[in-house]
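Trainee: Assemble the whole structure, with the sequences as input and the hints as a guide.
Protein chains: 2
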Amino acid sequence: MSYKITPLKNDTFLRALMRQPTEHTPVWLMRQAGRYLPEYRAVRQKAGSFMGLAKNTDYATEVTIQPLDRFKLDAAILFSDILTVPDAMGLGLHFEDGEGPKFERPLRDEKDILALQVPDMANLQYVFDAVSQIRTTLDGRVPLIGFSGSPWTLACYMVKGGGSKDYRTIKSMLYGRPDLMHHILRINAQAVAQYLNAQIDAGAQAVMIFDSWGGVLADGAYQTFSLDYMREVVRLLKKEKDGVKIPSVVFTKGGGLWLDEIADIGADAVGLDWTVNLGKARAQVGHKVALQGNLDPMALFSNPEQIRAEVKHTLDSFGKPAEGSGHVFNLGHGISQFTSPESVEVLVNAVHEFSQQIRKS
Amino acid sequence: MSYKITPLKNDTFLRALMRQPTEHTPVWLMRQAGRYLPEYRAVRQKAGSFMGLAKNTDYATEVTIQPLDRFKLDAAILFSDILTVPDAMGLGLHFEDGEGPKFERPLRDEKDILALQVPDMANLQYVFDAVSQIRTTLDGRVPLIGFSGSPWTLACYMVKGGGSKDYRTIKSMLYGRPDLMHHILRINAQAVAQYLNAQIDAGAQAVMIFDSWGGVLADGAYQTFSLDYMREVVRLLKKEKDGVKIPSVVFTKGGGLWLDEIADIGADAVGLDWTVNLGKARAQVGHKVALQGNLDPMALFSNPEQIRAEVKHTLDSFGKPAEGSGHVFNLGHGISQFTSPESVEVLVNAVHEFSQQIRKS
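Respectively, the protein sequence lines represent chains P and R.
Numbering of the first sequence is given in this note's numbering, commencing with residue 1 and proceeding in unit increments.
Numbering of the second sequence is given in this note's numbering, commencing with residue 1 and proceeding in unit increments.
Note that these hints are calculated values from the structure, not bench results.
Where hints are given, some of them may not hold.
[As the list claims (entries may be wrong)] According to the in silico footprint, chain P covers these stretches of chain R (three or more CB under 8 Å from chain P): (1) 172-186; (2) 208-221; (3) 249-262.
Beta carbons are placed, not taken as given, at the ideal position from N, Cα and C, and that holds for glycine.
Mentor: Given below as structure tokens:
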């Protein structure tokens, strides 16, 4: 499937990522297409399963667009999962109701690990088809973000099979058999880069790497087992498409202590969770990268007045944007499924309202 | 019950906390009296339940001493739970097998919250009796640490009743009804201070505040809802007993980004988890506080050679101790119940061996 190149009606998000001036602070929300929306739940029910939804181009397109029809969001993000790559490697991704993702065939034996291969990207064609169709459907309303899990985050799930409280299985391998760990991570880095580049070819206008589990690593281990492989992914990424710059965002949840190092791997922007002081982060690395974040998703569980105050606090913490700095408003983590859509509306409108005021001040 | 004052045979731990020179780096492990030891599991079975164990003076004494008989640890820590204070407030602490602590009567109604009182310390006499008996039994082998959960960490359990994935219940109160949150925290701070002071009276030679859940808070909220109340506890603590200094340690897991502020609340030492670079932390605040930590507990799930290498790495990261600096070796979190006691022995011996070498280098 091919897509028409339509000029963007709203490129605020891309300009902020490239640290160019914008009229307001662009806003999107991690997991903005998701269970907190009744219209999402309706499609999810028709699809039968999470992967049934993700693998159906029409459904994936429909739920990607849903939040844009409700809220004045400045970007769309592909509806998919961070774990599609290991699924394409043959590990068998599945979701059980009320639980996180799991793999049917986790990597446990040395033999299986050494046999691991970068998957045939044809196994991921459903993702690229969704990207193309979403891009066509968006028709230039806002830019489309493609994404993947980070090599380390994918490995966490690949080795353990599912979520973990203390990361004992994967850390036992990390500390006891670092050679096997590095073998998996090298392959993951190649696979993630190919996967993101194919999303760019299909029409993604920015890409984001979700390092959801980098923050569980020890200082030192983080750099060796997560950051180095994200640097490799970023190095391999296409930097432009048809002469248009494709910005990249890296986000290590719980990575605030390593901000200087993260800002140095070559990505255009760094995602921040709510533990980070946005003003300090800007002073530290704001001249090198744009910053994306970082309201606590739980701040949406209060009243409209309080939500507006928290939005203002976040914008004030970053401060008045200036040439050479960039801020994209987001939550510090995915939106909770229990959030009221009305609260999201209050948030999105408040970001636009207050960020315009700050620019005039 | 009274205790004999016996001069300490090994006061390395107390001297390190006060940033005085020591011959080796003292070491103890959070949850060192616990399920990874078969002799602990035997007593736990006799006691019938976790609280049955904690409330029986003889059992609590026995399990506190157990790890000292196996390993050359430099401190003992009272066997108890961080949640004894809200239990004494009448919330009904209980443990279900394979699950974390829960309260039978969590604080949900405004009426219940406003009725909350600092508990009668007589309800906690079993803790003070255990402290006295352990101190007598130790007979000066090593110092005894008393402890409590932080006001915020207690509140997390008190409001929710048990553990939580996204802290939605407590954060909804924090963002939506900060007045109620502060009411609970004010009472908790008073209660924790009284509780720790009574442990000091009973014979605790150092005290530690475990802020296990401070790290889930947003920047700004951490300072307002956790740190300020720990500062109040530290202010109210007895600084000495019978003319002997009683040092205090505060530990916010996930608090590395707030190290400067934590080091300023008046405690003698700050606990660090494994995400923190010990060398950087020393450069930042090592002239103001001793540092305690910070090996990843999962590093014990490897072979002896690798455990020794990780211990050496941690000691090297802090660097050669000098007058005015102090390091207490510990894990960055409680030891896992699945740890092999043989691995703990390797760790403890390696800390002593390498830290003596570093001092001679």
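Trainee: Which numbered hints does this structure break?
Mentor: none
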